[in-house]
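The primary structure of each chain is shown beneath.
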Amino acid sequence: MNWKQLFSSSVGRKLVMALTGIFLIVFLIVHCYVNANVLFSNGEENFNRAAHFMSTNLLVRITELGLFAGFLIHIVQGYLLEYHNRSRRSSKYAMTAGNLTSTWYSRSMALLGTLILLFLIVHLAHFWVPSRFGELAEVSYAGKSYHNLYGRMKDIFSQEWVVGLYVAGCFSLSWHLLHGFQSAFQTMGWNHRRYSAAIGSAGIGFSIVVPTLFALMPIFMYFGWEIDLGAVTLLF
Amino acid sequence: MEHYSMDLTLRVWRQRNCTENGRFETYQVSDISSEMSFLEMIDVLNERLLQEGKEPIAFDHDCREGICGSCSMVINGRPHGPWKGTTTCQLHMRAFKHGDAITIEPFRADAFPVIKDLMVNRSAFDRIIQAGGYVSVNTGNAVDGNAIPIEKDKADEAFAAATCIGCGACVAACKNSSAMLFVSAKVSHLSLLPQGAPEKASRVLGMVAQMDKEGFGSCTNTFACEAECPKEISVLNIARLNREYLAASLAGD
Numbered sequence: 012m013n014w015k016q017l018f019s020s021s022v023g024r025k026l027v028m029a030l031t032g033i034f035l036i037v038f039l040i041v042h043c044y045v046n047a048n049v050l051f052s053n054g055e056e057n058f059n060r061a062a063h064f065m066s067t068n069l070l071v072r073i074t075e076l077g078l079f080a081g082f083l084i085h086i087v088q089g090y091l092l093e094y095h096n097r098s099r100r101s102s103k104y105a106m107t108a109g110n111l112t113s114t115w116y117s118r119s120m121a122l123l124g125t126l127i128l129l130f131l132i133v134h135l136a137h138f139w140v141p142s143r144f145g146e147l148a149e150v151s152y153a154g155k156s157y158h159n160l161y162g163r164m165k166d167i168f169s170q171e172w173v174v175g176l177y178v179a180g181c182f183s184l185s186w187h188l189l190h191g192f193q194s195a196f197q198t199m200g201w202n203h204r205r206y207s208a209a210i211g212s213a214g215i216g217f218s219i220v221v222p223t224l225f226a227l228m229p230i231f232m233y234f235g236w237e238i239d240l241g242a243v244t245l246l247f
Numbered sequence: 052m053e054h055y056s057m058d059l060t061l062r063v064w065r066q067r068n069c070t071e072n073g074r075f076e077t078y079q080v081s082d083i084s085s086e087m088s089f090l091e092m093i094d095v096l097n098e099r100l101l102q103e104g105k106e107p108i109a110f111d112h113d114c115r116e117g118i119c120g121s122c123s124m125v126i127n128g129r130p131h132g133p134w135k136g137t138t139t140c141q142l143h144m145r146a147f148k149h150g151d152a153i154t155i156e157p158f159r160a161d162a163f164p165v166i167k168d169l170m171v172n173r174s175a176f177d178r179i180i181q182a183g184g185y186v187s188v189n190t191g192n193a194v195d196g197n198a199i200p201i202e203k204d205k206a207d208e209a210f211a212a213a214t215c216i217g218c219g220a221c222v223a224a225c226k227n228s229s230a231m232l233f234v235s236a237k238v239s240h241l242s243l244l245p246q247g248a249p250e251k252a253s254r255v256l257g258m259v260a261q262m263d264k265e266g267f268g269s270c271t272n273t274f275a276c277e278a279e280c281p282k283e284i285s286v287l288n289i290a291r292l293n294r295e296y297l298a299a300s301l302a303g304d
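Chains A and B supply the protein sequences, listed in that same order. For the first sequence, my numbering gives the first residue as 12, with consecutive numbering after it. For the second sequence, my numbering gives the first residue as 52, with consecutive numbering after it.
For the record, the hints were derived by calculation from the structure and aren't laboratory data. Hints may contain errors.
[Unchecked claim] Some chain B residues near chain A, calculated using beta-carbon distances under 10 Å:
id: 1; residue: VAL80
id: 2; residue: ARG129
id: 3; residue: TRP134
id: 4; residue: THR137
id: 5; residue: ARG145
id: 6; residue: HIS149
id: 7; residue: GLY150
id: 8; residue: GLY191
id: 9; residue: VAL194
id: 10; residue: ALA198
id: 11; residue: GLY266
id: 12; residue: THR271
id: 13; residue: ALA290
The beta carbon of each residue, even a glycine, is placed where N, CA and C say it ideally should be.
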């Protein structure tokens, strides 16, 4: 087996995008599930405890390194491919079919990815940096001290423009996923007459549900809404 | 369908050769019959240009019955024009109406350099075929064609892939100038059949390597190729190519 040949070929380079893409999709599920705590009653304590677990558990911290690598590879490879692909047609068409034969978001993955990257930088500066480098206030539950990441969210999402920015970020993510989800399966070769409809539907469902849940979080925080689950807790 | 005639404004790409820059020229044509094929409409214009002592528009054509894949051109931004599953020669002028302006360009991709006007050099496809798009046959007596049993579904799928005429519309339609639909059709057509199975791994590796060498882009799965393919080749073939490429890379020798 020739690894160099595999990963330098056009098919192999797409495979890297698909594999890292699927890994990032799995991350989105975990991130969304943990953060969904803030949508419900007793969200402050549940979310702070969940965030504490995520930042102290060794396995999670090791996976986090993989996550950074995944993001980095997906971003760098994405830009390299975009540059390479754009240079394949030096004489441009006067007219193109546009949306008649393909969707605008499938042709705009680099643009949508760039918007997500810009959002990601702001997002890390808002939450990840203060949580890792100890700028957060402390709260204690049952005598144990926790970072008040929930309080940080409350502060950050008290500004309209930040809420707007996060919702816009979720729209970019939704369109990126709308193409990326099924595209990853196609690139991995996991597409077949019998499954393509199911993969397509799952992709559309995922691209709508997950970004919507994420978008609801700043909106709920801004308006002070919460869903009362009674004694039921989502996690941790 | 009612017959009608029309006057049209044509904006045609004129380019002397592969090294000089091209430009659009505008031509008026009148009394074009709705029964004509698109190529016959260009024939009429070329007759006139010849009579006027001007250089006729160069374009590729051969069979004019939709099976040779020669008549490459982009009509109003669509390879082979606005009709689905149709080559330019099978496109009829009833697709247009009186007074229409039509933009005609060559297939544009660096891997398909322009020879002249609307003609492009698609030898890159031939070299991809030479890199594995065949089955090796030992000499000796000709084997009975029906001696090897083939499952009907598989045969149908192989035949659907084999309908690819290698016209290059997939490359022309793709924003990345990717040749993946063409290559995947050729890979599928052979690897689905027992005769093609023994060389499955070397075929897919060889053809993809040649495709990359020719300067085609990679596949972003926008599926514009499938939408524009005159033979309506399915993108499921691309998934099969990806599968076979991965298997050959990981498990091959």
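### Query
For this structure, which hints from the list above don't hold up?
1, 3, 4, 5, 6, 7, 8, 9 and 10
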